[in-house]
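> Protein chains in written order, with numbering that gives the first Met the number 0: chain X, 0 to 196; chain V, 0 to 431; chain F, 0 to 300.
In short, the hints are calculated from the structure, not lab data. Glycine residues also receive a C-beta, built at the ideal position from the N, C-alpha and C atoms. Among the hints, erroneous ones may be present.
Said to hold, decoys possible - Pair by pair, the computed Cβ-Cβ distance ranges are: (1) F:Asn53 / V:Lys221: 24 to 30 angstroms; (2) F:Ile286 / X:Met90: 34 to 40 angstroms; (3) F:Arg116 / X:Met90: 48 to 54 angstroms; (4) V:Thr2 / F:Glu174: 46 to 52 angstroms; (5) V:Asp25 / F:Ile173: 55 to 61 angstroms; (6) V:Met254 / F:Tyr296: 32 to 38 angstroms; (7) X:Ala192 / F:Thr298: 22 to 28 angstroms; (8) F:Lys76 / V:Ser340: 54 to 60 angstroms; (9) F:Glu163 / V:Lys335: 49 to 55 angstroms.
What the hints assert, rightly or not - Some chain F residues close to chain X (C-beta under 8 angstroms, calculated; not the full set): (10) Ser260; (11) Val263; (12) Ile269; (13) Lys271; (14) Thr276; (15) Ile280; (16) Lys282.
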Amino acid sequence: MAKVTKEQRKNTIISVALKLFSKNGFYMTTIPDIAQKVGMSVGNFYNYFSSKDILAKELVMYISEYLGEQIQEINKKDISSQEKIEEIVSMYFDMADEKPEMIEYFLRVYLSNREVFKEGCKGMICVSSFVTELMIFFDDGVESGDLFDQDFFSAFGLFMGYLGGMVFLFGEKILPEPLSSYQESISKNIYNALKSR
Amino acid sequence: MITKQLVDQIEGEASIYFDIKDEMVDFATISFPHFRGMESILKGKNALDALVITPRVCGICGHAHLMASVRAIENAYKNAGHKINLNQKIESIREFTLLMEMVQNHLKWIYLTIIPELQKLHPTDRNSKPLKGAFGASLAAKAIATFAGQWPHSSYMIPGGITCDPTNIDVLKAQSYLDELISFFEKESLGISIDDFLAFESCKDFEKMNSDISYLESELIKNDMTHKGHSYDRFIVLGEHSFTKVSKLNQTKAMGADVKYVSESEAYSPNEKTYAINALYKNNFYEAGPLSRCMALSMPIVKNMHRRYKDSAYSRVMARVFELAYLLKKSQSLLKKIDISQSSFVSPENIKNITAEGVGVVEAPRGPLIHKIRINEGIIQEYKIITPTQFNIGSSTQSNPTPAQKAMSGVSIQNALFIFRTFDVCSVCTTH
Amino acid sequence: MPSNQDKKPTLVWFQGLTCNGNTHSFLNHPNLEQLLSKFEIFHHPSLRSTKSFNDITSCEIPCDIFIFEGTYDPLMKRNGILLEKIVNHYAKNAKHIIAAGSCASFGGMFKASAPERNSGLIFNEESSFGPLLKHKEKVINLSGCPIHPEWLGYTLGMIVAKREIEVDELHRPIELYSNLAHHGCTRNEYFEWKVDASDFGEKEGCLYYKQGCRAPMTHASCNKILWNEVNSKTRVGTPCFGCTEPDFPRQNLFSTKTNMSIPVDVPLGISKRSYLTLTGIAKTFKIDRLEGKLIDYKTTR
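Hey, can you work out the whole structure from these sequences and the hints?
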């Protein structure tokens, strides 16, 4: 059996921690829980992350970078802003479907336990990769004439608040249909709200 | 017989067509051949962009254009129901930099234009050191730059105030440039103190002096400029300022004046196309500039000169020298009025919400400068500029000549060319 | 007997469509007299010259250094002679040609007088175009509206010293134009920490975010070699208008163009992604010293 590298070990911890945090909440999840699930000693765990708070921050950055990379791929495509919106919505819902812990973590841990992230995760620092890519999306959209020039936060809130809300409803099992069946109408709504007038 | 003379080094060029009878100028027409279309360049632009574009009408009095623009836009705000109130700090700093530009203009004109031109009329072996004018002017420019960032082509006046936020360091620095300029002018130009100079009671007092300025004065007399270059003896001042008084004068009789009586007429220039347009007040030609401003102020020495020599070339030139001295003193008092704790800017309504017309009038070095703007939702629909040289020079018919045409008649061509320059001609402003 | 080499280089300063701003700006040079003493001035728009305007426009004498100020309008005449003839005559014989100011360099302000035909000497905005293309190796562009007196002083000094002047793609001396107008701005710390000026009329805050400042995108040494040896636009709260660049004058000069609050133009050579990332981070810090008026921040910590 090939020796597991430190990097792979770290990724395993991240993946396990995401699942536990999003399922049990930040305070109910302990480091021994995570170590046990990964199959390592608590002492060894601290070689990777020196505290639970630090792990929590790394997780946010991990998600933000993942989302940022996904959106960057879409941003680089030579397609219209409307098509980009469709792809971003589709990517986000697929993620909610396939890796629900990522979005759950974001909504239930990051947004719900702000005191944990007070130090070192102020404002948008820990989510900057993701926010930056959305800025690039908006900037390109206005520059190409597809989107209406408005305040960044008005547009950002509309886009991400909407998607976050839908995933929350999905997580609460309130939605009668699977997420993917809302994809088309939601994309259209977002585009209609943002398109140039 | 018609003789053409090209005049250069007047911020561009002009052609004068002299009709000579018995070796004297019977009549002259003037043409300004170059045109840049500033008014159409401004059309369709954001109204605030005028603050960057109009200073580029003229490299020597661009600051006056900036002030005319900002006044025109602020007047439009007022007419749109958003009156802008300027505090004393803003008013004093704007006025100070405007005066400093006037000072640099007058210094250059004395040393780079008038003294060398007099030496052409009557060569002497005196070294007139024209670069003295540039040096003095550069000190004035430093004083401007202290508040305005740079000179030429600053855009630091904006509707609602000024962009700078000076400290005491800046005010003291401006003060020291001004002090240096004053002592330079006293030592290198006057040979006496400004106070003594401004206290002159009559032209006889020049006899006590021995300096560039007394040389200038005596050369004007030697060339009989006290008896040449007379125009209408009517004067106009239209810009509201602390250093003069808005008025129109028939000889010494002063009355109030209003920019609304300014009109324009086509120039008459049968020999060559001209882009100049004449400016009139109540359909009459009036002389504009330092002589007019000093007369409006009733400056004792200038009134005394005028009593003896009327609006001769001598009075016109010497009024400018006295105005220069007076403005230097005035600038000192303006600096003392600056209270740095007052705000530099009060944010006005967004220009996008302004649909109105506005007029801005300032006294530029050569006289009234008028900017008229029509704004629709912040965008310039129409922009109109009337410059002082349009009042003074223009070109009209023999039966109704402009001030410069009238002043040039009855003398030799050489004298006429000199008299032409006593108006401090600005070609670029004339046609803009 | 003085040899040929002891003779002062001869200089003609000639104007096309202009406001004279470059002429007057140059007269502010701190060592004007000393600088001018190194040349024989055949013609200058306001200084006494050794040749008459008629001599100059008759195009018979050559000069060593030809300075051209103003936009080139092929239909313009000076003293009745087509500008084309005058410009070509002096360019052909001169060893050095200097475009003084943005009009002569790129068309500038007065390109708009007749946009279909007006240009600079060898550029129409950024494209290679103009009357002196065949002499372009000799042309040095000193863009700026107006020209900075010390930039011209440097160029003339280098010519007298027979030193080579290295130029950029737009024929501007690298030593003067490799700087950005941003370099040396007294507001740099506000730019670093992304603290924007709340409004005009304040010492504090950066003018790049709202007030339209082009300094981080503009090649110019205005904040290094100060104007009138005293100041610069940005130091007195006026945004840089980018007057040394080929696209001057742009529009809406007192506001920053943004797309959904994101600046359309970011500092030169930096990708927008990197810039936005850095901005997002810098903006999260609240630095008390940079929030209010500097003079009200009384503690030294």
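> Each hint needs a verdict: does it hold in this structure or not?
Quick rundown of the hints versus the structure:
Distance hint check for Asn53 of chain F and Lys221 of chain V: the Cβ-Cβ separation is about 28 angstroms, which falls inside the suggested range of 24 to 30 angstroms. Range check, Ile286 of chain F to Met90 of chain X: Cβ separation about 37 angstroms, and the 34 to 40 angstroms hint holds. A hinted range of 48 to 54 angstroms holds for the C-beta pair Arg116 of chain F and Met90 of chain X, which are about 53 angstroms apart. Hint check: Thr2 of chain V to Glu174 of chain F, Cβ distance near 50 angstroms, so the stated range 46 to 52 angstroms holds.
Between Asp25 of chain V and Ile173 of chain F the CB atoms are about 59 angstroms apart, so this pair conforms to the stated range of 55 to 61 angstroms. Distance hint check: the CB atoms of Met254 of chain V and Tyr296 of chain F are about 55 angstroms apart, inconsistent with the given range 32 to 38 angstroms. The hinted window of 22 to 28 angstroms between Ala192 of chain X and Thr298 of chain F is violated, with their beta carbons roughly 47 angstroms apart. At about 55 angstroms, the CB distance of Lys76 of chain F to Ser340 of chain V agrees with the hint of 54 to 60 angstroms.
Distance hint check for Glu163 of chain F and Lys335 of chain V: the Cβ-Cβ separation is about 51 angstroms, which falls inside the suggested range of 49 to 55 angstroms. Hint on Ser260 of chain F holds. Least Cβ distance to chain X is approximately 4 angstroms, under the 8 angstroms limit. Taking 8 angstroms as the C-beta cut-off, the interface hint given for Val263 of chain F holds, the closest approach to chain X being about 7 angstroms. Against a cut-off of 8 angstroms between C-beta atoms, the interface hint on Ile269 of chain F is violated, since the closest Cβ of chain X lies about 13 angstroms away.
For Lys271 of chain F, the shortest C-beta to C-beta distance to chain X is roughly 6 angstroms, which falls under 8 angstroms, so the interface hint holds. For the restraint placing Thr276 of chain F at the interface with chain X, the shortest Cβ-Cβ distance is roughly 5 angstroms, inside the 8 angstroms limit, so the hint holds. About 5 angstroms separates the beta-carbon of Ile280 of chain F from the nearest beta-carbon of chain X, less than 8 angstroms, and the hint is met. The restraint placing Lys282 of chain F at the interface with chain X holds, with a minimum CB-CB distance near 7 angstroms, inside the 8 angstroms limit.
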